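Peer 1: Given the structure of chain A, go ahead and fit chain B onto it with the hints provided.
There are 2 protein chains.
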Amino acid sequence: MDRRTILQHSGMVGILAASVAPAVHAQATIRWRLASSYPRLLDILFGTGEVFAKAVHDMSGGKFQISVHPGGELMPASAVLDRVRSGAVEMGHATPADYYDKDPTFCLGSAIPYGMNARQMNAWLYEGNGSKLMRAFYANYGIVNFPGGNTGAQMGGWFHKEIKVLQDLKDLKFGLSPLAGRVLAPHGVVAHSVLDSQILQRFEQGALDAVQWGGPYDDAKLGLPKVAPLYYYPGWAGSTETEFLINDKAWQALSAEHKSIVEYASTHAKMTMTARYDAQNLSALKTIVGGGRKLMPFLPEIRRAVFKSARELYAGLSESNPEWRTVYTDYVKFQADQILWFRFAEGAFDGFFQQQKF
Amino acid sequence: MDRRTILQHSGMVGILAASVAPAVHAQATIRWRLASSYPRLLDILFGTGEVFAKAVHDMSGGKFQISVHPGGELMPASAVLDRVRSGAVEMGHATPADYYDKDPTFCLGSAIPYGMNARQMNAWLYEGNGSKLMRAFYANYGIVNFPGGNTGAQMGGWFHKEIKVLQDLKDLKFGLSPLAGRVLAPHGVVAHSVLDSQILQRFEQGALDAVQWGGPYDDAKLGLPKVAPLYYYPGWAGSTETEFLINDKAWQALSAEHKSIVEYASTHAKMTMTARYDAQNLSALKTIVGGGRKLMPFLPEIRRAVFKSARELYAGLSESNPEWRTVYTDYVKFQADQILWFRFAEGAFDGFFQQQKF
Numbered sequence: 036m037d038r039r040t041i042l043q044h045s046g047m048v049g050i051l052a053a054s055v056a057p058a059v060h061a062q063a064t065i066r067w068r069l070a071s072s073y074p075r076l077l078d079i080l081f082g083t084g085e086v087f088a089k090a091v092h093d094m095s096g097g098k099f100q101i102s103v104h105p106g107g108e109l110m111p112a113s114a115v116l117d118r119v120r121s122g123a124v125e126m127g128h129a130t131p132a133d134y135y136d137k138d139p140t141f142c143l144g145s146a147i148p149y150g151m152n153a154r155q156m157n158a159w160l161y162e163g164n165g166s167k168l169m170r171a172f173y174a175n176y177g178i179v180n181f182p183g184g185n186t187g188a189q190m191g192g193w194f195h196k197e198i199k200v201l202q203d204l205k206d207l208k209f210g211l212s213p214l215a216g217r218v219l220a221p222h223g224v225v226a227h228s229v230l231d232s233q234i235l236q237r238f239e240q241g242a243l244d245a246v247q248w249g250g251p252y253d254d255a256k257l258g259l260p261k262v263a264p265l266y267y268y269p270g271w272a273g274s275t276e277t278e279f280l281i282n283d284k285a286w287q288a289l290s291a292e293h294k295s296i297v298e299y300a301s302t303h304a305k306m307t308m309t310a311r312y313d314a315q316n317l318s319a320l321k322t323i324v325g326g327g328r329k330l331m332p333f334l335p336e337i338r339r340a341v342f343k344s345a346r347e348l349y350a351g352l353s354e355s356n357p358e359w360r361t362v363y364t365d366y367v368k369f370q371a372d373q374i375l376w377f378r379f380a381e382g383a384f385d386g387f388f389q390q391q392k393f
Numbered sequence: 036m037d038r039r040t041i042l043q044h045s046g047m048v049g050i051l052a053a054s055v056a057p058a059v060h061a062q063a064t065i066r067w068r069l070a071s072s073y074p075r076l077l078d079i080l081f082g083t084g085e086v087f088a089k090a091v092h093d094m095s096g097g098k099f100q101i102s103v104h105p106g107g108e109l110m111p112a113s114a115v116l117d118r119v120r121s122g123a124v125e126m127g128h129a130t131p132a133d134y135y136d137k138d139p140t141f142c143l144g145s146a147i148p149y150g151m152n153a154r155q156m157n158a159w160l161y162e163g164n165g166s167k168l169m170r171a172f173y174a175n176y177g178i179v180n181f182p183g184g185n186t187g188a189q190m191g192g193w194f195h196k197e198i199k200v201l202q203d204l205k206d207l208k209f210g211l212s213p214l215a216g217r218v219l220a221p222h223g224v225v226a227h228s229v230l231d232s233q234i235l236q237r238f239e240q241g242a243l244d245a246v247q248w249g250g251p252y253d254d255a256k257l258g259l260p261k262v263a264p265l266y267y268y269p270g271w272a273g274s275t276e277t278e279f280l281i282n283d284k285a286w287q288a289l290s291a292e293h294k295s296i297v298e299y300a301s302t303h304a305k306m307t308m309t310a311r312y313d314a315q316n317l318s319a320l321k322t323i324v325g326g327g328r329k330l331m332p333f334l335p336e337i338r339r340a341v342f343k344s345a346r347e348l349y350a351g352l353s354e355s356n357p358e359w360r361t362v363y364t365d366y367v368k369f370q371a372d373q374i375l376w377f378r379f380a381e382g383a384f385d386g387f388f389q390q391q392k393f
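Chains as they are written, first to last, in this note's numbering: chain A, 36 to 393; chain B, 36 to 393.
Okay, chain A solo, but in the shape it has when bound (with noise of 0.2 Å):
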């Protein structure tokens, strides 16, 4: 027997509403949305918006539900900030790196190329300055950010022909993300923004030399194996962080408990989203290299060169943009230690495994 059923049978209901509303009130359920930026197809993209709903269900005993709609059902998948800083939708799950039109710095807090590994991501974000940083930038669009999940270093892309020197960069036409894009302009690649929703089937009917979308897991699933025979790695960043996006407005009205819920909820999220990635890519790539594809390893030289232009082109986003400044400057001081550090235990330790058979 629930309260509002002892209360009706006791017969005091009358007498007793007008003082227990507010009790009652404080027990509705809140109900909102979470606007995904994925399509159902990239199961564990969207699906880590649901592991979030799931957590925050369970925790609240059900009394906040939150409804998971995949990219393009609620919204296009480009909309998803407009959108939830306009309040239609409660929240969102997305790629930041995606908005470098708007601001470049948004993909400080998800992808750059040369920027951080998932876990060094995880030290500046939990216990760096990154959250911080980040959440003072998304201040600016009346949006409260939770780590959303990362991917981990992805593969460098799909290609036709094999980029044996630096000069096979040149008039390259590469889908890849827009960040990316401008890091490989000054080697003469031809950018095209994989954001656009054609670029697969452009690249299917061969007017692209190249795409770089993500892991073995995604680019299977997404059918990149069939169109092009070459496959190379790695990545050009060391990790893709997503993001979950609340409407400011609707954080604040949440109780303490609740926010804490989302919080945490997040936390799990994001861990799931990397080891899903971890467990199911080698099996991915398996596959595709079962179906004739070929592995390749971007040469040194060439990876030299990109690295030293993107250095330069953060260089130029310092000087140009002050919320990039303000963020990359914590943010590669802190690399640069990471970086240091795994050069010992961590590093050492992986290396082993990097010739030793096992």
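Don't read these hints as lab results, they were simulated from the structure.
Possibly wrong hints are sitting among the right ones.
[Stated by the list, open to error] Listed below are the simulated EDC-like cross-link pairs for lysine to aspartate or glutamate, each with C-alpha atoms no more than 16 Å apart in a straight line: (1) A/Lys329 to A/Asp136; (2) B/Lys256 to B/Asp283; (3) B/Lys392 to A/Glu347; (4) A/Lys98 to B/Glu292; (5) B/Lys89 to A/Asp136; (6) B/Lys98 to A/Glu292; (7) B/Lys284 to B/Asp117; (8) B/Lys392 to A/Glu336; (9) A/Lys89 to B/Glu298; (10) B/Lys294 to A/Asp93; (11) A/Lys392 to B/Glu347; (12) B/Lys89 to A/Glu292; (13) A/Lys392 to B/Glu336; (14) A/Lys294 to B/Asp93.
What you are looking at is a predicted structure, and each value in this text was computed from that prediction instead of being measured.
Peer 2: Leaving out everything else, chain B in the frame of chain A:
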């Protein structure tokens, strides 16, 4: 005005008491004690229990409170498993690799030489069979376990003399974890358990030639840089996972809501521990090096020999211990896949920064 006050003011407390009682009971505060295995001095290890307890407190609106007690306060650190099992405390926080003498299988959910790195462990625990298998093992002890934080790869320990060739390990009086001691025994190491509370004192007094404890942050707190001049890397294990151990009866008494809160709070605590170590270790390492201690890599010949003896020991355990065999068979298959996958995107990305000046 809270509900109790409202009812008192309405003058109907006595009338309603009987029927309202069940609802009030469901809201009663739950109080647990968490026996940490770590002293306050090791503030990242000990503090992870506090992060967990705060998350549980905040998400439950203060209705589920867990007091966190440092190692030695309620019981010796070594007694945590037994006292959680007996129900003397509801839960503990421990490094299960320390329970090698009870059953080496504990090490598989915690740390084994040449085992998985922190991120691979996450994939195995959250998305492979890791948690399921370790849960089944812990059920023998009447304990429900949750991952409780990973230190990442540790350093290889403090040495008075250089280890130039494999033969330098012979007759080396080496304080280290019980399983690592077994792995190194075939090379002539005279292993002393690092769990011995007198181990640091004996190292200071010159009774030991070397001690491996943790990474730079913890080793500095323990005063190890004062004892020996050479700091080797990397540690033998790819990561050291800690666990939250919960008495099964206490667990079963929780509501579904509180069970979820415990589960997701543990994920956040786990993420926090690794992030804290990654954010703090370099600074500690710089101080150590600045104080004149010398960083020394274990040479490939030695690492390959220890890897070989580790695999031989694990094969032997698989013959003699069915619990080990069940978990290890899955662990090592998963690890092999992870190592192969990490050679491409992740390892190739990180490897670039092993050489590249940043």
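Peer 1: Against each hint, give a clear statement of whether it holds in the structure.
Peer 2: Each hint tested on the structure:
no., hint, result
1, A/Lys329 to A/Asp136, "violated, 34 Å"
2, B/Lys256 to B/Asp283, "violated, 35 Å"
3, B/Lys392 to A/Glu347, "holds, 15 Å"
4, A/Lys98 to B/Glu292, "holds, 10 Å"
5, B/Lys89 to A/Asp136, "violated, 39 Å"
6, B/Lys98 to A/Glu292, "holds, 10 Å"
7, B/Lys284 to B/Asp117, "holds, 14 Å"
8, B/Lys392 to A/Glu336, "holds, 14 Å"
9, A/Lys89 to B/Glu298, "holds, 12 Å"
10, B/Lys294 to A/Asp93, "holds, 9 Å"
11, A/Lys392 to B/Glu347, "holds, 15 Å"
12, B/Lys89 to A/Glu292, "holds, 12 Å"
13, A/Lys392 to B/Glu336, "holds, 14 Å"
14, A/Lys294 to B/Asp93, "holds, 9 Å"
When held up to the earlier numbered hints, the structure conflicts with 1, 2, 5 and fits the remainder.
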